[in-house]
Amino acid sequence: MEIAALSRRQFLMATLTATGGLMIGASLPRITTAKSSTPLNAFLTIEPDGKTIIGVSQPDMGQGMYTTMSMLVAEEFDADWSRVSVEQLPLMLTRDAEGNMAWKHVPQGAGGSTSVVNLYQPLREFGARARQLMLGAAAKRWNVATDALRTEPGKVIHAASGRSVKYADLAQEAAALEPATEVPPLKSPSEFRLIGKEVGARKVREVVDGTTTYGIDVQMPGMRHAVIARCPYFDGELAEFDDTDARKVPGVLDVVTMSGPGTGKPYSTMAPGVAVIAESTWAAIRGRDALKIRWDEGPFRGETTAGFDDDCRKALDNDSAGLVVRSDGDLDAALDDAATVVTRRYRLPYVHHATMEPQNCYADMRDDGCTVIGPMQMPSGASRLIAGLTGFDRMAIDIRMTRLGGGFGRRLTSDFAAEAVLVSRAAGVPVKVTWTREDDMAHDFLRPGGWHELSAGLGEDGVINAWRHRVASPSKYYRREDATAWEAEVYTDDPPAGLVDHLRYEYLEMNSGAWRGSWRAPAHTANAFTVQSFIDELAVESGRDPLEYRLALLGEARELPYSNHGGPTWNPGRLAEVLKVAADKAGWGRTYPEGEGLGIAGHFTFGGYVAWVAHVRVGPDGGLRVLRLTGAVDCGLAVNPNGIRAQMEGGACDALSTALGEEVTIDGGRHRETNFHQYRLMRIDQAPRAIDVHIVQGSDQPAGLGEPPVPPLAPALTNAIYAATGKRIRALPIADQLMT
Amino acid sequence: MKFKLNGATEQYDGDPGQPLLWALRDSYGLTGSKFGCGIGNCGACTVHIDGRAVRSCVTPMNAVDGRTITTIEGLSPNASHAVQRAWIEEDVPQCGYCQAGQIMAVASMLSATPNPTDDDIDRQHTNICRCGTYVRIRKAIHRAAAYLRQEA
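For the record, the sequence lines run as chains F and Y.
All the letters of the first sequence, read from the start, carry residue numbers 1 to 740 under this note's numbering.
All the letters of the second sequence, read from the start, carry residue numbers 741 to 892 under this note's numbering.
So here's chain Y without its partners, still in its complex pose:
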């Protein structure tokens, strides 16, 4: 199968049932997407497929044929995406392990809901942060939303 990965065309002929996450990490050397649960529950593995957030640990390779995949490594040059800048400015990460997934999920959420209320965030953002950086995540989401509105 063929797909686009962070702008480059890739050919894959391995196990079609392999989750996208493991292919990204082991075959393509893209380790920014993290393994957290393997059941699509925690969101640490979040990537974009055709611009929408999906949990790559439960997305088999045979589902990505012809699709466009963006991982944290391809989200922006130089960590310049509004969500990444907001994450740096609010100093969100502690251990940092979940944060790539958080950022990918938020980037996707903001494209559908550009001006989220706190209740929107509660409903739509479901990634786990075990360090409990939620207060800063919330601030960073609002900050990123403001940046994106300025850019629009």
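Bound conformation, chain F alone:
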């Protein structure tokens, strides 16, 4: 990293403009600095030996961007995939004609399963433009018309004369050509060589040989190490501290304070704290251990999980307490008329991201700008935040993403980058701030916990005529002026909206001091669990098969309006199809011995449709074994099938781990769990030995798949437990509820 970082820095020095400003993302890409290589555009560089370097603009946190994004560029360029290597591009911004900040090339960031949706077109265009340059160069060299030429991976061919030339041998001539202003025609899907195919993943080798540089691995010249004692209490403050002993620890260089976000203000850092700067990480950790700090425990010092659960239940006990956020038909009359009314409550815990790589960030504050390197999901958010904290022009803030050791929504927020900037400024040296596991678990933007109450009015045949869903939870939208609390927790067009005539969604905003934020598929996890559990209960109540009952509710294929993220429409027929495929492949309908069974659930999340069938066995002692998961996914055009299977497998395990045992409990206005011995992540012994994935292509446009696999898994699991044992799990995590 040091060598690469130095050369990158030297490269930056060389691109200082005449006015002294830094040209960020200028037409010369920063993906390589080798003199002999030829950049064709911001995303493509060719080396003399034919190696094709594709820059990836999106951060990769395990969702497969390095492979999927470079496939899009390589497809239209007609690159020889076996010679493609991938580099992470930095944040590339520009200032438009009106002086506003704009994306230099493409939107950058990873959240909401949007990368493949946003970049499917533009990245192919970059590839096609570069291919056009190759064709132009060959046409010029051979003095033939461009349309007499075609390409094969890595070369241009003139069939009439039998001549061919490698891209590498044409690169310099191609780069000298003026790029066409018009976008060349893109391939039709029948011409795809890479998209939709089983191609080898990129950047795997660097992981298995240990040479990948994650944020926590960054080493820079003159860099010092910092570890921070942060106030662990929600909205608490630093009262006083004594750093006498800390400064005596060998290797400790300095101790500085760090400001918090301020009560009720949007987060910059998560909490105020005291930073110890040292020659090594270990010295900084030991120095921090030696600090004596008294915290002001803040306004939430009395908050506990038990109290929070009570508050939610009491709120739901008041039948008129909810804010009505969607109302169709005449719910009250329909409930009065129903042959049967079923009401159930479900409980969701606070959940922690627990990225394997704890938060960290490097920052080098200079007088006229700064360099920030770290594992960011939203580099532009980091840039904006840092501009606000420092007053720097955003063009003077150089943001570089490393590979991320997990994201899951945690690194959408850039508080760790803000910390590094503040500590570097206070200490006057470049620093890397490293969070210990205990730091990471004590300070996280948790997925909000809460209680849901669902009621349905059923006709004689079990048909759902009335549906009421009441959500009592704090919102992940808080301390911000641009958002409405309920919108983060209730998606008004989520099914069964549009499927049931008399329907009402209500939100009861709960008070909690806990830090809250986006956790992979945000509120879809809670809503899919509750809705898909409840539908299962209604099927049982009506004596109907859970699959058949769902299909009857969904009905025919048709587009229904969907104003939430992932719209503008959704199609119940596509959800029905993935349910049918998953059920069919899992052998739905088979009978099992006592203690064994299948459960099914499906959900539409951010443009993608996923259904899971879980096959479980519960022993007489309550021991749960997930024998097999069978999934079906429709994310439209399947760009990278291997990546889709990986996200399905990983998403299922993430959701399974969460359902089995994950919860952050609160005591005294702070998190109780401190490390993995208390916050229990699933290990291989609990993971299913088989996860089968079936890909259905219901559209010719791709949808992202980082999140859709997660929401339907927990209800498929708990529905399977019901099928196996007759025990209905209505509170997550499952923990010891099956133990007898």
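Hints were generated in silico from the structure; no laboratory data involved.
Note that this is a predicted model, so its numbers are computed, not measured.
It is possible that part of the hints are untrue.
[What the hints assert, rightly or not] With a cut-off of at most 30 Å between alpha-carbon atoms, the simulated BS3-like pairs for lysine-lysine come out as follows:
#, chain 1, residue 1, chain 2, residue 2
1, F, Lys187, F, Lys197
2, F, Lys265, F, Lys314
3, F, Lys314, F, Lys580
4, F, Lys727, F, Lys585
5, Y, Lys879, F, Lys580
6, F, Lys187, F, Lys155
7, Y, Lys879, F, Lys197
8, F, Lys155, F, Lys166
9, F, Lys248, Y, Lys742
10, F, Lys197, F, Lys580
11, F, Lys51, F, Lys140
12, Y, Lys879, F, Lys585
Position chain Y against the provided structure of chain F, taking the given hints into account.
For chain Y alone, kept in the frame of chain F given last:
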């Protein structure tokens, strides 16, 4: 204290209580071994000492005097170890952060249990993968075991 690190002899005269992990990362520039928990629970920091897997985040430097340490960087030239090849062929990593530790743990497990059953794997392999690549890890373990048996 003196020890062997990926084949080279090293002298260490820093804090004897410093965990091996932090010395590897900060003093020797070997960042392939990862910090995950600091309490020996997750396995991201796994290295070999005298050929056996240990969790370097809870191994103090004074325990490595005279020992032979191998990290992921020293496991093989060119990622050629059977476990690394199996990891590439099964395309195991997602975020990849835990995988060096997984590979070091599996390499050690297979030297003691060359033909593990799924139950053996469940009992003996305890590293956390937060991305949930366990199905592929299991496949890769079986594939690596087959490679090692061929090589033996």
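Now the hints, each set against the structure:
1. With a C-alpha separation of about 15 Å, the suggested pairing of Lys187(F) with Lys197(F) holds against the 30 Å cut-off.
2. Among the hinted pairs, Lys265(F) with Lys314(F) is consistent with the structure: their alpha-carbon atoms are about 29 Å apart, no more than 30 Å.
3. The straight-line distance between the Cα atoms of Lys314(F) and Lys580(F) is roughly 39 Å, outside the 30 Å bound, and the hint therefore fails.
4. Our distance criterion of 30 Å between C-alpha atoms is met by Lys727(F) and Lys585(F), whose separation comes to about 25 Å.
5. About 28 Å separates the Cα atoms of Lys879(Y) and Lys580(F), which keeps this hinted pair within 30 Å; it holds.
6. In summary, the hint linking Lys187(F) to Lys155(F) is supported, as the alpha carbons are separated by about 17 Å, within the 30 Å threshold.
7. For the proposed pair Lys879(Y) and Lys197(F), the alpha carbon gap of about 22 Å is at most 30 Å, so the pair holds.
8. The suggested pairing of Lys155(F) with Lys166(F) holds, with an alpha-carbon distance near 4 Å, which does not exceed 30 Å.
9. As the CA atoms of Lys248(F) and Lys742(Y) are separated by approximately 27 Å, the hinted pair is consistent with the 30 Å bound.
10. For the hint pairing Lys197(F) with Lys580(F), the CA-to-CA distance comes to about 25 Å; that is within 30 Å, so the pair holds.
11. Between Lys51(F) and Lys140(F), the direct Cα distance comes to roughly 23 Å. Compliance with the 30 Å bound is thereby established for this hinted pair.
12. In summary, the hint linking Lys879(Y) to Lys585(F) is supported, as the alpha carbons are separated by about 21 Å, within the 30 Å threshold.
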